[in-house]
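J.: Chain residues, written in single-letter form:
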Amino acid sequence: MQNIVLGVIGFDCHSVGNKILDAYFTEAGFKVTNLGVMVSQEEFISAAIETDAKAIMVSSLYGHGEIDCAGLREKCIEKGLEDIVLYVGGNLVVGKTPFAQVEEKFLKMGYNRVFGPDCSLEKVVEMLRNDINSGKQ
Amino acid sequence: MTSDRAICVDIGSTWTKAAVFRLADDRFVAENRAAVATSVDYLPDAFFNAVQQVCPGADWRSLTAATAPCPVYFSSSAKGGLKVAVVGLVPEMSLQIARLAAFSAGARICASYPYRLTRASIAAIESAQPDILLLCGGTDGGNERYVTENAQALAGSDFRGTVIFAGNNAAADRVSDLLAARDLVITANLMPDFGRLNIEPVREAIRSIFLDKIVAGKGLDRLVTAFATQPVPTPLAVLNLVRAIGDHADGWQNFALIDMGGATTDFYSHSDSWYPESGTVMKGIVEPRLKRTVEGDLGMRVSAESTFETGEAYLAAVSDFSTEQLAALSRYTSNLTTNTSHLPANAIERHYDSLLAGACIYHSLMRHAGSIEEVFTTRGPVWAQTGKDLRRINRLVGTGGYLAAMGRNGDPVAIPDRPVQPAEKVALLPQNFVYYADFDYILPLLGNLAEKFPRACALTAVSALRQTQHYEVKEPCQREFNKA
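These protein sequence lines are chains A and B, in that order.
Residue numbering for the first sequence follows our numbering, beginning at 1 and increasing consecutively.
Residue numbering for the second sequence follows our numbering, beginning at 1 and increasing consecutively.
In isolation and in its complexed conformation, chain A is listed as follows (with noise of 0.2 Å):
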């Protein structure tokens, strides 16, 4: 069973559909460490040494998942998970800046999967089993 990392970054308290991919993820075959609300970028990275997790899920609600969310790769670097997949979504940012350039922000901060507030878990969880089978950074 593959280990994934999932919650909330930030000062973040959106707690609902942290629990709805907890359920979704772990009924798709993952065994998900499940930080919950109020997540900080280092203790993304403990977990995910302590478990050896192949992926970090990371979600931003309330609107400062920029700046929330800037770093995390350089970390993960520094801490010797330079494999790791690392994915985030959901309101990223506030405004109404289109989707394409969102996407294009994050993967710059080199997240390897951008998602908005309205994917499909289905075509999420199909993504994160071959980026991880096929090591994609």
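There may be inaccurate statements among the hints.
Stated by the list, open to error - Computed cross-link-like contacts, BS3-like style, restricted to lysine-lysine with a CA-CA straight-line distance of at most 30 Å:
| id | chain 1 | residue 1 | chain 2 | residue 2 |
| --- | --- | --- | --- | --- |
| 1 | A | Lys96 | A | Lys31 |
| 2 | A | Lys108 | A | Lys31 |
| 3 | A | Lys79 | B | Lys218 |
| 4 | B | Lys83 | B | Lys452 |
| 5 | B | Lys83 | A | Lys19 |
| 6 | B | Lys218 | A | Lys75 |
| 7 | B | Lys283 | A | Lys75 |
| 8 | A | Lys79 | A | Lys96 |
| 9 | B | Lys452 | B | Lys218 |
| 10 | A | Lys79 | B | Lys425 |
| 11 | B | Lys218 | A | Lys31 |
| 12 | A | Lys105 | A | Lys123 |
| 13 | B | Lys83 | B | Lys218 |
| 14 | A | Lys79 | A | Lys19 |
I should point out that these hints are in silico values taken from the structure, not numbers from a laboratory.
Position chain B against the provided structure of chain A, taking the given hints into account.
T.: Using the frame of chain A, we list chain B on its own:
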């Protein structure tokens, strides 16, 4: 028990203490007490002298469990407990849990190492030669790389003690192969899932290694055979008693105990660690209800000098001493560290001792307690907590020779309600509590019986303690707790 009496002996590094306890109704009564100088080379000599004093009329040296008038229990401090080095993975996760587990087994931690053991760390372990090396890291099915690499590094080292492996169970076979030539004990994982603690198996492993190691030397094997009883490490005896009090004494569900000695200051708490309804968000692990920490740099005699170094800012803040006076205090502590049997000769030295005691209490409490920090979110301010919340502790017990004497003399004990220097984080210290002194210094002896007679020991302990002070913080550090 067949007899209504039991003899308890505590073999310390300086004194061997003994008492006879008689079971009267639901609790014990201490009948006779004795203390003799410990016979360091052959421990049974002092043991028998002490027992002979508290229970004369028989030649104890020729008695056995079958012929003795009552059962005998004993504890041994074994120079402050077994020396343990801890090797974990992430410092605030597996390494922190391993430290909690070792402390709760009555061990003394000489060093802790996160992540990978470097050549320098291996050299440090080789020169310290701890009795036990506790190797852990990785959840079950989680990270295997670090523990196997660390096992490999240990396999090539000159470390001669016992290795306890309590990490990722998926790595157990590999670790066992790598350390096949070593004294190795494998237990269940300390952290089977991320954030979930499982410290009992490690506690048990350390305890049984302790028995094997201390019983082997200094004649204790003779006592074990004669009286058909196993010694308990003294700190574990105290821990067992703390557990018994919290489980069995009415009104003692949230209490703490400080055991201040010449070499170390041990702090115990028996209370919930986190109160979700108080509106705080927990960061890191939720610590266990029963927690022990040991501060090797804080103590009244052997560690007096390091207490001064650690506590300099505290001492300067509470004493209003000038630089010259602080220097005099510093010289006094250096002298104590070499002259450990020194007793204060005058008023100023008595004042020095009480300041040192304050520093030991202050730092051991600060390190045991967690903290909260206010963070601002889009939904308003939130308190983020790390470590253990001691705010609802309503009773605090002081034991150890010095605190027992302070209690008898009616001297007030300085217990902090906030840091001496302003800090960003709020320390989660007890807010409103009664202080009790172990007047007769009876708790460590009574602790010998705590595993077998928890309820009677708990009732005995709380009736032996004397309430000396009531502390109440006028302005609680956080509003939610006004009601608590």
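J.: Which numbered hints turn out to be false for this structure?
T.: 1, 3, 5, 6, 8 and 11
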